[in-house]
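Turn these sequences into a full structure, and let the hints guide you.
Here the protein sequences come in this chain order: A and B.
In the numbering used here, each residue carries its 1-based index in the first sequence increased by 1158.
Every letter in the second sequence is one number past the one before it in the numbering used here, and letter 296, counting from 1, is 288.
Rather than coming from a laboratory, the hints here were simulated on the basis of the structure.
The structure presented is a predicted model; accordingly, all values stated were derived computationally and were not measured.
Each residue gets a CB set at the ideal place from its N, CA and C atoms; glycine is no exception.
Among the hints, a few may not be true.
[What the hints assert, rightly or not] Stretch by stretch, here's where chain B covers chain A in the computed footprint (C-beta under 8 angstroms, at least three residues):
| id | segment |
| --- | --- |
| 1 | 1161 to 1174 |
| 2 | 1177 to 1188 |
| 3 | 1193 to 1203 |
| 4 | 1223 to 1233 |
| 5 | 1239 to 1245 |
[Unchecked claim] Derived CB-CB ranges, DEER-like:
| id | chain 1 | residue 1 | chain 2 | residue 2 | range |
| --- | --- | --- | --- | --- | --- |
| 6 | A | 1191 | B | 197 | 50 to 60 angstroms |
| 7 | A | 1246 | B | 132 | 54 to 64 angstroms |
| 8 | B | 77 | A | 1167 | 50 to 60 angstroms |
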Amino acid sequence: MEIKKLQSNELPMIDLAVRECVNLGQWLLFKSATEGQEKFFLRAGATLLTLDPTGNIVHSMDGVHDEIGVDEVFYFDDVLKPQTLSMNF
Amino acid sequence: MSFIGENTTWALLLSSNGNPESRHVQDIAFGLFCLENAGIDPSHIRIYIDGSGRHSIEQFVSSGSHNHHNVYNSNDFFADLAKNTNDNLVVFVTGHGTPYGIDGQAPISPHRMITEIKSSPNLKRAVVYLGQCYAGVFNYIGAGNRLTPGSAGADVVLIGATNLYESISVPTTENLPSGQAQWVANFFLLYVFKWISAPIDIDGDGISTIIDSFKFAGAASNMQNKKLKIDSFRRSMDLHARLLQAREDVTQHPGDATKILTVTALETQVIEELSVRYTHQEPWILNAIPAQSWQI
Chain A
1159 MEIKKLQSNE
1169 LPMIDLAVRE
1179 CVNLGQWLLF
1189 KSATEGQEKF
1199 FLRAGATLLT
1209 LDPTGNIVHS
1219 MDGVHDEIGV
1229 DEVFYFDDVL
1239 KPQTLSMNF
Chain B
-7 MSFIGENTTW
3 ALLLSSNGNP
13 ESRHVQDIAF
23 GLFCLENAGI
33 DPSHIRIYID
43 GSGRHSIEQF
53 VSSGSHNHHN
63 VYNSNDFFAD
73 LAKNTNDNLV
83 VFVTGHGTPY
93 GIDGQAPISP
103 HRMITEIKSS
113 PNLKRAVVYL
123 GQCYAGVFNY
133 IGAGNRLTPG
143 SAGADVVLIG
153 ATNLYESISV
163 PTTENLPSGQ
173 AQWVANFFLL
183 YVFKWISAPI
193 DIDGDGISTI
203 IDSFKFAGAA
213 SNMQNKKLKI
223 DSFRRSMDLH
233 ARLLQAREDV
243 TQHPGDATKI
253 LTVTALETQV
263 IEELSVRYTH
273 QEPWILNAIP
283 AQSWQI
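The structure is reproduced here in structure tokens:
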């Protein structure tokens, strides 16, 4: 699995709040090798959204959908990310 | 004795009823990374994760290691126990928990876990780190051998992230072989894994033992918990204001899927912040005496 970084302007139709959820690890933004390189998927809780290359919502599905595998995971490089949990007291 | 130096099976267990959440699989991937980083032979590490999405599960696991690891099901964990040949077992449990035990097609009860470990052939010692919610239901059971020396079955140490409460997971950023991952991690387990990859002698007796792992992970997660709660209060005030505005936007633009998604995203963040703030976590250890001499 590859972990990749995006700039916010690469998906301009995604709101900051959504990008924050992605960066916090609460929602999962990914691409699937079997679904083509132009589509993004956003797992938002129990809902799986299909996004076009600008981040517009194309389709919404509920449920698991194992057939859509997670091959590339994306985070936003220009949005705050969580701090690493420190080992130091 | 030393777990890393001797015949030890290192088991990462994620049992679930249905597909597991990706954050729990990422806990496993991080655990795998830390165990290999500690010098543990990859062939001694066994990964057990339930769920039908095997490709995605294996992809997440692969982010934690350059080595190939087969991913088995939770039933295989018990099957492997029944044919064990090693002296030692260390188990890390993540995923969901209920007052009935570890989440699964059928919940894994405390009785089943302790009985099957103690029935495992050749096994002398076992440590089970329980990261799931309500791990305290595994407390106060017959884990040790001290009261009846020579009794059959392994001497078992149980360590729980929390007692009769939900356990806390928080966002973190950690380096993995595949890159920098960001996920909502079970932070007690995360600190256990970090301790194993770089053991610290917390109690100053000159050796790094299982009791040190408990003290370190417990103290670190409690310290982090306080900091998180303070930060959460500040963040949730800002989030609340943004949420009110976002809801107003939806009222003004009904049916706009992008604006509806924004509301959902803010509600998700608010719930996560409040969940951390209103959850108490208190780690515990059962059968502490052998844990004081068992070196990692």
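* Count the residues of the segment 1177 to 1188 of chain A whose CB lies closer than 8 angstroms to any CB of chain B, then report whether that count reaches three. => holds (count 8)
* Okay, residue 1191 of chain A versus residue 197 of chain B on CB: inside 50 to 60 angstroms? -> For residue 1191 of chain A and residue 197 of chain B the Cβ distance comes to about 51 angstroms; the hint holds.
* **Coverage claim, chain B over the segment 1239 to 1245 of chain A, checked by counting residues with Cβ within 8 angstroms (three needed)** => Coverage by chain B holds for the segment 1239 to 1245 of chain A (7 residues, Cβ < 8 angstroms).
* Asked: Are there at least three residues in the segment 1193 to 1203 of chain A whose beta carbon sits under 8 angstroms from a beta carbon of chain B?
  -> As far as the segment 1193 to 1203 of chain A goes, the hint holds, because 3 residues have Cβ atoms under 8 angstroms from chain B.
* For the range 54 to 64 angstroms, tell me whether the beta carbons of residue 1246 of chain A and residue 132 of chain B fit it or not. => Violated, at about 34 angstroms.
* Three or more residues of the segment 1161 to 1174 of chain A near chain B by CB distance under 8 angstroms? -> holds (count 4)
* Regarding residue 77 of chain B and residue 1167 of chain A, is the given constraint of 50 to 60 angstroms on their beta-carbon distance met? -> Once the Cβ atoms are compared, 57 angstroms apart, the range 50 to 60 angstroms for residue 1167 of chain A and residue 77 of chain B holds.
* Asked: How about the segment 1223 to 1233 of chain A: do at least three of its residues have a C-beta closer than 8 angstroms to a C-beta of chain B?
  -> holds (count 6)
Checked against the numbered hints above, the structure violates only hint 7.
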